[in-house]
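K.L.:
Listed here are the chains, written in short residue letters.
2 protein chains.
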Amino acid sequence: MTTLPVGYTYNDSSLESSPVSMPILGELLQDVMWNEDDSRALRRAGEILTPQTSEILDAWYDFIGSTPHLVSTFRGPDGKPDQAYLDKVRGRFERWIVDLCTRDFDAQWLAYQEEIGKRHTPDKKNRTDGVDSPSTYVPMSHLIALIVPVTVTVREFLELGASEDDNVDAMQQAWFKAVTLSVALWTRPYAPDLW
Amino acid sequence: MTTLPVGYTYNDSSLESSPVSMPILGELLQDVMWNEDDSRALRRAGEILTPQTSEILDAWYDFIGSTPHLVSTFRGPDGKPDQAYLDKVRGRFERWIVDLCTRDFDAQWLAYQEEIGKRHTPDKKNRTDGVDSPSTYVPMSHLIALIVPVTVTVREFLELGASEDDNVDAMQQAWFKAVTLSVALWTRPYAPDLW
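Protein sequences, first through last, are from chains A and B.
All the letters of the first sequence, read from the start, carry residue numbers 1 to 195 under UniProt numbering.
All the letters of the second sequence, read from the start, carry residue numbers 1 to 195 under UniProt numbering.
In case anyone wonders, no lab produced these hints; they're calculated from the structure.
Using N, Cα and C, we set each Cβ at its ideal position, and we do this for glycine too.
Keep in mind that the hints are not guaranteed to be accurate.
To be clear about the criterion: a stretch of chain B counts as covered by chain A if any three or more of its residues have a C-beta under 8 Å from a C-beta of chain A, and this derived list gives those stretches [what the hints assert, rightly or not]:
| hint | stretch |
| --- | --- |
| 1 | 25 to 32 |
| 2 | 67 to 78 |
| 3 | 134 to 142 |
| 4 | 145 to 155 |
| 5 | 171 to 185 |
Construct all of the structure, not just a fragment, from the sequences and the given hints.
P.N.:
This is how it looks when you write it as structure tokens:
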């Protein structure tokens, strides 16, 4: 059995259901032009990316760590990056890659996306990891803008693990759609009335 | 001289400046990994896309028109799609393609992105075109999710107009970054306190 990351509550019975209904999810899937080819390509991407989650997180954390306004999210009480906080989030971030590629987009998945969203807002940021951080939320603008690096950087990992029969473009596109869908869901707690 | 679209106020002296400062824009450009190659690729994309804006809008409006929850944004007082409203927005949408590829990312550009954002919220939706629509805002979730079709669909138009020396992947990537940046800016009025 794989050890689950600290603070990972995907399967917890205490997880609250999402206010986003399955029909609304269906609309968002239409928005991102989701289709059966994407489902297959994302599953295959999962096979390729799962063994590389640690390397992917190295790349993402290099990017975050070298970008002051991004690493500031992980400040501890002394204003400096809190390594324990970074490490705990990293574990869940790795697991997120696996979940995105392998889970069904169902009510349980929606519930956990809502939880992830809240953990970026004043409602729940820092609470999961018991951090006393002066950073009380992740600005929504950055959450949205980070669709780009999270999409672009997986390409080399898909290429690394792909065999000749694989269509890297198709996997990358499915990943892009799934990431954008996820971020759209994560923004709900930021603007519940206009979401 | 090209006729400007109805309701297009990019150069109006009445245009309010954006609350987003140039340093904050700089952070968002870092988020999307913007670089000099992107600037060049986006300018070249502009040369290719500008003569095709009408065909691109055909593709986008086909998608919107065939997706009930998207076309519902353009409802008139009778609840049916308002063709005059669709046409007016279309003119500005075409112009947006040109602006995104050719304008500098400066304070004027930021001011107009803020204006575009507001025109999707209850503050200003319908007002520019004098429409009495039961749709009072564009849900933020759809605004974000539409990053995907707006990114993916330009590829065929880039390929159509590209010459042998052009790098379509680079142009597509620059477009993706610029679109995501734009959408991030447009969401500010939805969640000003947590943006």
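K.L.:
With a cut-off of 8 Å between beta carbons, are at least three residues of the stretch 145 to 155 of chain B near chain A?
P.N.:
That given contact holds, which follows from 7 residues of the stretch 145 to 155 of chain B lying within Cβ reach (below 8 Å) of chain A.
K.L.:
For the stretch 134 to 142 of chain B, do at least 3 residues have a Cβ located nearer than 8 Å to some Cβ of chain A?
P.N.:
holds (count 5)
K.L.:
Quick one: see if chain A covers the stretch 25 to 32 of chain B, three-plus residues with Cβ-Cβ under 8 Å.
P.N.:
holds (count 5)
K.L.:
Tell me whether the statement that chain A covers the stretch 171 to 185 of chain B is true, taking a Cβ distance below 8 Å and needing three residues at minimum.
P.N.:
As far as the stretch 171 to 185 of chain B goes, the hint holds, because 8 residues have Cβ atoms under 8 Å from chain A.
K.L.:
Mind checking, does the stretch 67 to 78 of chain B have 3 or more residues with a CB under 8 Å from chain A?
P.N.:
The restraint on the stretch 67 to 78 of chain B holds, since 3 of its residues have a Cβ under 8 Å from chain A and three suffice.
When the structure is compared with the earlier hints, no violation turns up for any of them.
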